Amino acid sequence: MSEKERLLFQENSERRAVRAVYLENQANTRVDERVLEEMLPYFKEQYGNAQSMHSLGAVSKDAIEKARKEVADLIGSRENEIYFTSCASEANNLAVKGVADAYKQKGKHLVVSAIEHFSVLNAARRLGQNGFDVTYLPVDRYGLISPEEVKNALREDTVLVSIQHANPEIGTIQPLEEISRIVREKKIPLHTDATCTAGIIPVDVNSLGVDLLTLSGSQFYGPKGASALYIKKGIKLTPQIDGGIQENGRRAGTENVPAIVGFGKACVLAKSERDDNKRKMLPLRDRLIAALPEKIEHIYVNGHPDKRLPNNVNISVEFVEGEGMFLLLDQKGIYVSSGSACASKALKMSHVLSAINVDPAVGQGSILITLSKYTTSEDIDYLLAEFPPIVKRLRDMSPLYSYFLKTGQRRPAGPGTDYEHEHEHEQNQEEE
Amino acid sequence: MAFYSEKVMDHFQNPRNVGEIKDADGTGEIGNPVCGDMMSFYIKVKDNVIEDVKFKTFGCGAAIAVSSMVSEMAKGKTLDEAMQITNASVAKELGGLPPNKMHCSNLGADALHKAIEDYKRKHGGTT
Ligand code: FES
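Note that the protein sequences, when read in sequence, are chains A and B. The opening residue of the first sequence carries number 1 in this note's numbering; numbering runs sequentially from there. The opening residue of the second sequence carries number 1001 in this note's numbering; numbering runs sequentially from there.
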């Protein structure tokens, strides 16, 4: 390290707090040591291209096929129904656009939920610009999709239904079995984005009754760079990346062998350790959900009370804004995320919070906390100790809070004050 | 690179002049239509000079830093001088803001100007 680099490093570590508590596991998880071990040889020794005919290539090819089996084993599918992609967004795009295109002779109608990940939502939107008709299903205040609504949305020309298994932001787990029974009856392909459930809770393509399923290793202690789409035998789909013959011609591009190997290993570990991990996280999650409202007044838990991911806590803290909270938490070495408008690049409140009808002023104070198998009860103690003073500090600065204290009334923020009439709205960005 | 400049983080973490003035000579309140936030400014005026200024803000880190900076810039200035404070000059004093946070800087100067206008209205337009 040069002197300059050393100083920078020192400054950075000083800026970082003593403790690091990572609670943004819906975004990414820490790679398990055993996964990393498994991957390393494929960087330095076994670096052959899996499509090469020589023996080095064959080693890579074998490694990929082994991983394919491991992924298939986790979700109860056949190996030849697993297609590797670079990330969950790619798998979701492949599912939505690929199926829509392959069946477009039959019809041009899609059904997706309003709270899908943007990789499903924006893929559907793009199809909508290209002559498809898209139905966006609403959800109730807990984020649940009603099977009845799905049924009513299906038409003669419906060629794909895409409904997530659970929502990464509010943690609500959908009644997918019920939904799939309805969709199946009409013989319409059903895709589910299981990115935040696979490896965390049991996911089985047969009992769920889905035709396509997205899963991603980086959500359960695997590396970034490898995800998969399960495509049931018999389902047609147009590739979205054209090129060579990889992945049976359905997804061209040189395979990311180390990542795929790590993904496979993560699946093996998840299969045997998933339930233990869940037993570890659940009490911590429940403790947070119980203790936060005891320590902080006027906060609300978003999502479903029990149909909920074991690692998800999403709360709205009234009278304060989320970005302020997460910046101050960051200073304490606590890493979370926020669904507030200010914290998003597009300056809009999260589409999920809007869909469950969270009051925009309240939603501005939303914080998402997601646990992992590494989260300890000391981490939770630390959060519970540091968070309330942060909220107090921001509330003491908040005109909405002082108004509430004085009058006992809540008043809307931003729009609704006279500023709105004086200035033109400039907002036109779309969430990326 | 951190998202905010050091100066912004400093004003966000140690905001100057937070609070309200009970018998303020002028108050101004602005809501942010882009993201739904709010800022209130209170001023005390003596001999045409802003003697004291306080604010309360509901908004992101940039919005809090902007209010703090505006309050600092306004203190001790004449009303005319304070009217010259612009969004751009506030952002500049803060060492810049990320592009998607520039609109937050609109809040600060506007809320201050509203407080000054309020004062003038109440005190017969003495400038
Ligand atoms: S006040 Fe909302 S982004 Fe700054």
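Derived by calculation from the structure, the hints in this document are not laboratory data. The structure displayed is predicted, hence computed values, not measured ones. Be careful, since some hints might not be right.
[Claimed, not checked] Derived pair list, reagent style SDA-like, types lysine to any residue, alpha-carbon separation capped at 25 Å:
{"id": "1", "chain 1": "A", "residue 1": "332", "chain 2": "B", "residue 2": "1013"}
{"id": "2", "chain 1": "A", "residue 1": "392", "chain 2": "A", "residue 2": "333"}
{"id": "3", "chain 1": "A", "residue 1": "345", "chain 2": "B", "residue 2": "1123"}
{"id": "4", "chain 1": "B", "residue 1": "1075", "chain 2": "B", "residue 2": "1123"}
{"id": "5", "chain 1": "A", "residue 1": "406", "chain 2": "B", "residue 2": "1010"}
{"id": "6", "chain 1": "A", "residue 1": "392", "chain 2": "B", "residue 2": "1007"}
{"id": "7", "chain 1": "A", "residue 1": "108", "chain 2": "A", "residue 2": "80"}
Do the hints match the structure? See the list:
Taken as a hint, the residue 332 of chain A and residue 1013 of chain B pair is honoured in the structure, with Cα atoms around 12 Å apart against an allowance of 25 Å. Restraint check: the Cα-Cα separation between residue 392 of chain A and residue 333 of chain A comes to about 18 Å, which is no more than 25 Å; the hinted pair holds. For the hint linking residue 345 of chain A to residue 1123 of chain B, the alpha-carbon distance of about 43 Å lies beyond 25 Å, and the restraint is violated. In summary, the hint linking residue 1075 of chain B to residue 1123 of chain B is supported, as the alpha carbons are separated by about 19 Å, within the 25 Å threshold.
Our distance criterion of 25 Å between C-alpha atoms is broken by residue 406 of chain A and residue 1010 of chain B, whose separation comes to about 30 Å. Taking the CA atoms of residue 392 of chain A and residue 1007 of chain B, the gap is about 23 Å. The hint holds against a cut of 25 Å. At roughly 28 Å between alpha-carbon atoms, residue 108 of chain A and residue 80 of chain A are farther apart than 25 Å, so this suggested pair is violated.
The structure fails to meet hints 3, 5, 7 from the earlier list, while all remaining hints are met.
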